[in-house]
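Q: For chain A, the structure is supplied; the task is to place chain B on it using the hints.
2 protein chains.
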Amino acid sequence: MLKEVAGGITFPRGFKAAGVKAGIKKNGKEDVALIFSTVEANWAGRFTTNRFPAAPVIVSRAAMQNVSGRAVILNAGCANACTGDQGLADAKNTAKQVASLLDIAPEAVVVGSTGVIGVPLPMEKLSAGVRQAVAELSEFGGEKASQAIMTTDTFVKTCGYVTELGGVAVRFGGMAKGAGMICPNMATTLALITTDAAVAPEVLQAALTEAVDASFNRITVDGDMSTNDMLVVLANGMAANPQITSLEGPEYTEFAAALRAAALNLAKKVARDGEGATKFIEIEVKGAANDADARKAGMAIANSPLVKTAFFGQDPNWGRILCAAGYSGAELDPLKTTLAIGGVQIVDGGLGAKFEEKALRSVMAEREIKVVIDLGVGTAGTTIYTCDMSYEYIKINGEYTT
Amino acid sequence: MLKEVAGGITFPRGFKAAGVKAGIKKNGKEDVALIFSTVEANWAGRFTTNRFPAAPVIVSRAAMQNVSGRAVILNAGCANACTGDQGLADAKNTAKQVASLLDIAPEAVVVGSTGVIGVPLPMEKLSAGVRQAVAELSEFGGEKASQAIMTTDTFVKTCGYVTELGGVAVRFGGMAKGAGMICPNMATTLALITTDAAVAPEVLQAALTEAVDASFNRITVDGDMSTNDMLVVLANGMAANPQITSLEGPEYTEFAAALRAAALNLAKKVARDGEGATKFIEIEVKGAANDADARKAGMAIANSPLVKTAFFGQDPNWGRILCAAGYSGAELDPLKTTLAIGGVQIVDGGLGAKFEEKALRSVMAEREIKVVIDLGVGTAGTTIYTCDMSYEYIKINGEYTT
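So the protein lines, in turn, are chains A and B.
Residue numbers for the first sequence, in our numbering: 90 to 491.
Residue numbers for the second sequence, in our numbering: 90 to 491.
Take the hints with a grain of salt, since some may be wrong.
Claimed, not checked - A few chain A positions that, by computed beta-carbon distances, are all more than 12 Å from chain B:
hint : residue
1    : R102
2    : K115
3    : A151
4    : G176
5    : G256
6    : V257
7    : G269
8    : R456
9    : A469
What the hints assert, rightly or not - Cut-off 25 Å, straight-line C-alpha distance, at most; resulting in silico cross-link-like pairs (PhoX-like, lysine-lysine):
hint : chain 1 : residue 1 : chain 2 : residue 2
10   : A       : K484      : B       : K484
11   : B       : K443      : A       : K115
12   : A       : K484      : A       : K118
13   : A       : K214      : B       : K443
14   : B       : K385      : B       : K484
15   : B       : K459      : A       : K484
16   : B       : K114      : A       : K443
17   : B       : K181      : B       : K110
18   : B       : K214      : A       : K443
19   : B       : K385      : B       : K443
20   : B       : K385      : B       : K357
21   : B       : K114      : A       : K447
22   : B       : K447      : A       : K114
23   : B       : K447      : A       : K181
24   : A       : K447      : A       : K459
25   : B       : K443      : A       : K114
26   : A       : K459      : B       : K484
27   : B       : K115      : A       : K443
28   : B       : K443      : B       : K375
29   : B       : K118      : B       : K214
30   : B       : K115      : A       : K447
31   : B       : K459      : B       : K447
32   : B       : K447      : A       : K484
33   : A       : K110      : A       : K214
34   : B       : K484      : A       : K447
35   : B       : K385      : A       : K385
36   : A       : K110      : A       : K185
37   : A       : K425      : B       : K181
38   : A       : K425      : A       : K375
39   : A       : K115      : B       : K447
40   : A       : K214      : A       : K105
Bear in mind the hints are in silico, worked out from the structure with no lab data behind them.
Cβ coordinates follow ideal geometry from the N, Cα and C atoms, glycine included.
So that you can see chain A by itself, here it is in the shape it has in the complex (with noise of 0.2 Å):
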């Protein structure tokens, strides 16, 4: 029933946006994003668990105290993190002003930003891009909106389902930014889904729990947790399914699944776009002692600098894995630990197996590869999504201009 689409925010039904440049990139490209419901929208969210959370975080996590709300604004160039009183005074008169215009209450107002910290946000300018987008919001404006949180980012980042919820259609939009300081931990970057569902707050903070945990927290790009981590939900009841109160039944069965698929949609883009990336790496860990096991191996995996650059090099130089699978903390056998890459079965019992060494160099040289670890103790497994790390990503950050 589950269906992908073309489509981003505005996609489900009551939702308008806008993506407007006010001067605060370098690079003169749109920076604000404004995002609308023109109905009240149950809405849910996870936040940074980074001590440092930024002003935008923290002004955010207050307003969704309430269960709903109507409007996300967003810029990018400048993440208002580290950056004390003023910092919070700012984050809250941008939802203040975004709330005066729009007639809604300055608590139905999320905020989020992405860019440099330690910087202060440039007001005047802000507050130019924030009249400019209320007078743009628009049902085409999402796409404009996903350009606007673009940071390194190389493509945009959006994604569309439909699913049935008691016989009646369903909307899911999302967009999200990537492209470095990516390791989100029961967090994930600046992103956003929206859904004309009708879901209870409580069902709806559930399901986004759950659709995080299997999707943004199984992602990582150079293990650096952003002080700006954020995802938001918001669910405006526009399609006028029977709403979704209880955690049991298809229906929830059903709307979790979908949230899952955009979640896991919007993270693996985050993942593919990492910041110099030339390949996308899927670390797909088995027979392990419990989830976090399989977790903690995946992500040693998927963080080693030697692992990364191994696969940028397109050099089958598997003892790196087993090495970062060994210190992750996980629990393995390494008389059973077995490893394969690209369908290539390369250790066998924790040592080499017989295999072709022109399989695996061509495996190497995809552009997507599916590595398989089986830490042979028990029978839990998850998934982690990464990149390579190239050239590339020490030119963008030893450039990236403070």
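A: Relative to the frame of chain A, chain B by itself:
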């Protein structure tokens, strides 16, 4: 009383060494090192905690169940890790060959390897190298032995110290290798310290544990803990000082300080020579709630690819340093955190202080940079040593041939 001098592992009395070319390294340089004490030496060791310990680690850990021994045989160019039963047999046979040629017990020989993981030891070449090394053992062989354990190291890492114990001059020598897969934990890279001090075995182990914790466990190049990490210390008593048999008293304090100085000297050289490094970075963490938190925060900063690339790019992007401390898991007070780079106060109370951009840019251009971060919650602290991450790191590890 403690004094640094020129000299390596054959500087203490009664130690001979050799470094020979056995053809295991592809570049044809010295690749087999043998160190021999002319009298029985008490010994102590620390080994990798990786769940895939290399065969030599397993064999040496067993040998060091005895409190003393005579020889250490090391090779570069092949790690003998993930090599199964054959690898174990190869490591044992190497120890046996050394023992037989030197007329000592096989259990009196420690074996160590470094190089590519997953490839069997070329035993014919190694065996010929062992014979040659035994023939060439000399009191002047320390330098050649130190060269033989180099992999991607750009310079030889050795050290020498003299101190006085009970009125007797005692000597220390050391050698270590870097330069990638460096993030020891309760262990270290391949390193050896020799001394002619007379020390009881349990005292030696205690002093070594303390020294490693303050040195090799405080460095990182890329966050990757090797399968082959090993630090061994041999104390042969030839200085004829009154044997140290207790952890109390000025002799132990002096001995432990000398051992710590030797270990720290080598560890800092390993960090300084990190693969592709252009800068040596010292990260002092203060104001932490406890020692573990101080290490966590320092290591998160040192391992952050975004921090490392910013230093390479000489970009004063200090938000990345706070961000890494923020996700390290260490307790901190965002409103009391302070940060200084090269003596320039950057952050006060969790937000940007007024500083001269020019002064900071000039600090970032230095080859040695000191970062001081105060977490603002306690009195514990530590110092972590690391390096930046450059294009060269990607080149070395993208092209390191399996």
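Q: A separate judgement is required for each hint: does it hold in the structure or not?
A: Each hint, compared with the structure:
| no. | hint | in the structure |
| --- | --- | --- |
| 1 | R102 | holds (38 Å) |
| 2 | K115 | holds (14 Å) |
| 3 | A151 | holds (16 Å) |
| 4 | G176 | violated (8 Å) |
| 5 | G256 | holds (45 Å) |
| 6 | V257 | holds (41 Å) |
| 7 | G269 | violated (7 Å) |
| 8 | R456 | holds (16 Å) |
| 9 | A469 | holds (17 Å) |
| 10 | K484/A x K484/B | holds (13 Å) |
| 11 | K443/B x K115/A | holds (23 Å) |
| 12 | K484/A x K118/A | holds (21 Å) |
| 13 | K214/A x K443/B | holds (23 Å) |
| 14 | K385/B x K484/B | violated (29 Å) |
| 15 | K459/B x K484/A | holds (23 Å) |
| 16 | K114/B x K443/A | holds (24 Å) |
| 17 | K181/B x K110/B | holds (21 Å) |
| 18 | K214/B x K443/A | holds (23 Å) |
| 19 | K385/B x K443/B | violated (28 Å) |
| 20 | K385/B x K357/B | holds (19 Å) |
| 21 | K114/B x K447/A | holds (23 Å) |
| 22 | K447/B x K114/A | holds (23 Å) |
| 23 | K447/B x K181/A | violated (33 Å) |
| 24 | K447/A x K459/A | holds (17 Å) |
| 25 | K443/B x K114/A | holds (24 Å) |
| 26 | K459/A x K484/B | holds (23 Å) |
| 27 | K115/B x K443/A | holds (23 Å) |
| 28 | K443/B x K375/B | holds (21 Å) |
| 29 | K118/B x K214/B | holds (13 Å) |
| 30 | K115/B x K447/A | holds (21 Å) |
| 31 | K459/B x K447/B | holds (17 Å) |
| 32 | K447/B x K484/A | holds (22 Å) |
| 33 | K110/A x K214/A | holds (9 Å) |
| 34 | K484/B x K447/A | holds (22 Å) |
| 35 | K385/B x K385/A | holds (17 Å) |
| 36 | K110/A x K185/A | holds (20 Å) |
| 37 | K425/A x K181/B | holds (23 Å) |
| 38 | K425/A x K375/A | holds (12 Å) |
| 39 | K115/A x K447/B | holds (21 Å) |
| 40 | K214/A x K105/A | holds (22 Å) |
The structure does not agree with the numbered hints 4, 7, 14, 19 and 23 stated previously, though it agrees with the rest.
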